[in-house]
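Use the sequences and the hints to build the structure in full.
2 protein chains.
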Amino acid sequence: MALPSTDTSRYDNTLAVIRTLRDQGPVARVDLGALNGISSATVTSISAELLQQGLITERPPETPRPSGRGRPKTLVELNPQAACVVCIKLSINEIQLVVGDFSGQVRHSEHHAVTTLALSADDLETLLDEKISTVCAQQLNEFQRLAGICLAVQGVVSSQSGTIIWSPALSFRNAPISARLAERFHCSVLLENDANCIASVLAAKPDYKDCPNLVVIMLGYGIGMSVLINGVPYLGANGSAAEFGHSKYQPGGALCACGRRGCIEAYASDYALYRAASDHLALPSGDSAHPSEQQMQTLTQQALNGDPAMQRIYAEAGRALGYGIANILALFNPDLVLITGSGVRGFDAMQAAMHHAIDDALVAELRGTTRIESCAWDRDMTCMGGIAMALHATDAQALSMSQASSVS
Amino acid sequence: MALPSTDTSRYDNTLAVIRTLRDQGPVARVDLGALNGISSATVTSISAELLQQGLITERPPETPRPSGRGRPKTLVELNPQAACVVCIKLSINEIQLVVGDFSGQVRHSEHHAVTTLALSADDLETLLDEKISTVCAQQLNEFQRLAGICLAVQGVVSSQSGTIIWSPALSFRNAPISARLAERFHCSVLLENDANCIASVLAAKPDYKDCPNLVVIMLGYGIGMSVLINGVPYLGANGSAAEFGHSKYQPGGALCACGRRGCIEAYASDYALYRAASDHLALPSGDSAHPSEQQMQTLTQQALNGDPAMQRIYAEAGRALGYGIANILALFNPDLVLITGSGVRGFDAMQAAMHHAIDDALVAELRGTTRIESCAWDRDMTCMGGIAMALHATDAQALSMSQASSVS
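Respectively, the protein sequence lines represent chains C and B.
All residue numbers for the first sequence refer to full-length UniProt numbering, where the first residue is 1 and numbers rise by one.
All residue numbers for the second sequence refer to full-length UniProt numbering, where the first residue is 1 and numbers rise by one.
Accuracy of the hints is not assured; some may be wrong.
Reference excerpt, derived from the structure (chain C facing chain B, CB under 10 Å, subset only) [unchecked claim]: (1) Ser-247; (2) Ala-254; (3) Cys-258; (4) Pro-334.
No lab work stands behind these hints: they were computed from the structure.
Quick caveat: nothing in here was measured; it's all calculated off a predicted structure.
Note that CB positions come from ideal geometry on N, CA and C, so glycine has one too.
As structure tokens, then:
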């Protein structure tokens, strides 16, 4: 049943207050009102309720007012212990678990080497169950409750149905993982594409706030993408949109990890670069399909030091990336294309060929004014985004629980 | 200044009533209320105001109620004479002018052969001025006023600034045409990409109502596209999104009309098919860059009749189209891809190769469940869409004029 309109606006205002406190840290009540266009009476009433529910706390300002006049304003802030969320990032051969508090800060992070491609769907469920249980046993006593879980996965997911449709990290398909975790941990479970988590972090940065149509390309083992349209991730009909890595550079070209030929990923991903390099160089033996960070850094350094074979390989990767980005410009005409991911380590060796390919592919009118920039990689970015998205998704739930308890 | 909320909802309800009458034709007041969730008292008050302003008329139902009981319901309908709009479709070597009445029906249509590529921006302005003036002199006496003009143009336009950025029909660029026409004709001027006009007509059809993410590809002299996301045309940062024809099939491949190489258009457009055919056949002489409809029908017929060279050319066009659509599926994951435009005449000769290329390009998980269909071409579809969009854009203006006159 729909709430009466005054309850709806009370609810929206309460959500706005919580999100402002999460974005800005401690804020005085009067500023909370001004920032959200809410009357001071309403802010006072909302903050009284949130204080009583333990979702926020009060603290005095650290310094008196510079003018020396007036009473220092009391600041309110989120109570970080009010709840926590767990974000699990699932990528090839690695699982990262991060615990975030109610204010959005990372409180704990751990990495596990796991041969992900050897897992069955049941194995993955058991593994996640075990890892989340362990982290909860260690961390949860600091928090009032576990509000939610975010699972950030490389590949195609349906956020709506909570199903991993297809991931390069996994050998099985169509696994309805969210429902099982929700049942096990009695909390909401959000399933997200890893690139969308990263895009949500980047889109919040002041540098990119004028870019409502933002494309984020993630270079790495595979190549991922997130497309934000008016700031919202575009998912498509069943969650498989923005699969830039499998758009085409050369029909019938190099073999891709997906099994088809000529994908951008088959030229510009880590495994593609390593495969091309192994034709030219005596590389230390290893798993050529999953080169290590150290191996990739060695290759990149050789290209940057002027090794002609390595330069050609990175230039061809840049050309594939450039032709792919040309299609993105022609089809999405975004404000900004941001290139990041661990593979951005090799961007300096690719970018001249990439820009050349874009100019070669598109007339100026279709090239447009889109900015194309790279952005330093932070391996925690995915989980930071996942925590923010999980908190955002569970705020509504937190409020409905509080409302139920205040009614009872 | 924002209207007080009761005025805002009155205004929104009035717009909803007008649009329901345009979509459905004559409707009883009680049904207008039910269809829009408006109380009968409000519908009575709104329709009284619209009647007084001459925007709607009353008519008795044509037959008594089948039950024979009760008084027959009086229907209200839009007054078609309340206003008219003019849509001008500008394509290579042709200008079409259509007059639509306030109910959205086409009242007049005319075509003019014009060597569009020989026009300067001033020439185009003079030509449009002359053609619109003539059609208004002939038609406008039937209507209370000219509410708006829609200019539907092949190519890249900025609807926001009213500028034709780049059109294959024109040799000049960046022409701010809307402001000049608005000044000349004292009405609102809407500048639209022709494919968006067509998509707006198709999206309204019952067959496609479950397809909020709809891609329409227009084959013809060039290749255009419209992408509707949640039913709204996606325009990108400056209006040059959805340029499918200039996404790439083969880097460094066939020469495109844009001046670059390897675009989908350079394989699957009319001029590309005709150019490829002229290498194999002794075709009647003519303007190979702008083959006529009759010439294209001859080529298509030869392919369908089993001529091996023509079959190869149409299959290669189908393959280019298929690889292009594979990128659309990977990047947009739409509910439906609809292929139309005059070039759909050759679709039967292309489609086997097209489907083969899509399967070749994408694994099943990325191919997804997107329907890919063709749709018969109607050369008046662009203008029908332009009239609907112009009326939609000017309804708000009609109401504010009526409100101003009812206040004065």
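Going down the list of hints, with the structure as the test:
no.: 1; hint: Ser-247; result: 5 Å, holds
no.: 2; hint: Ala-254; result: 13 Å, violated
no.: 3; hint: Cys-258; result: 5 Å, holds
no.: 4; hint: Pro-334; result: 6 Å, holds
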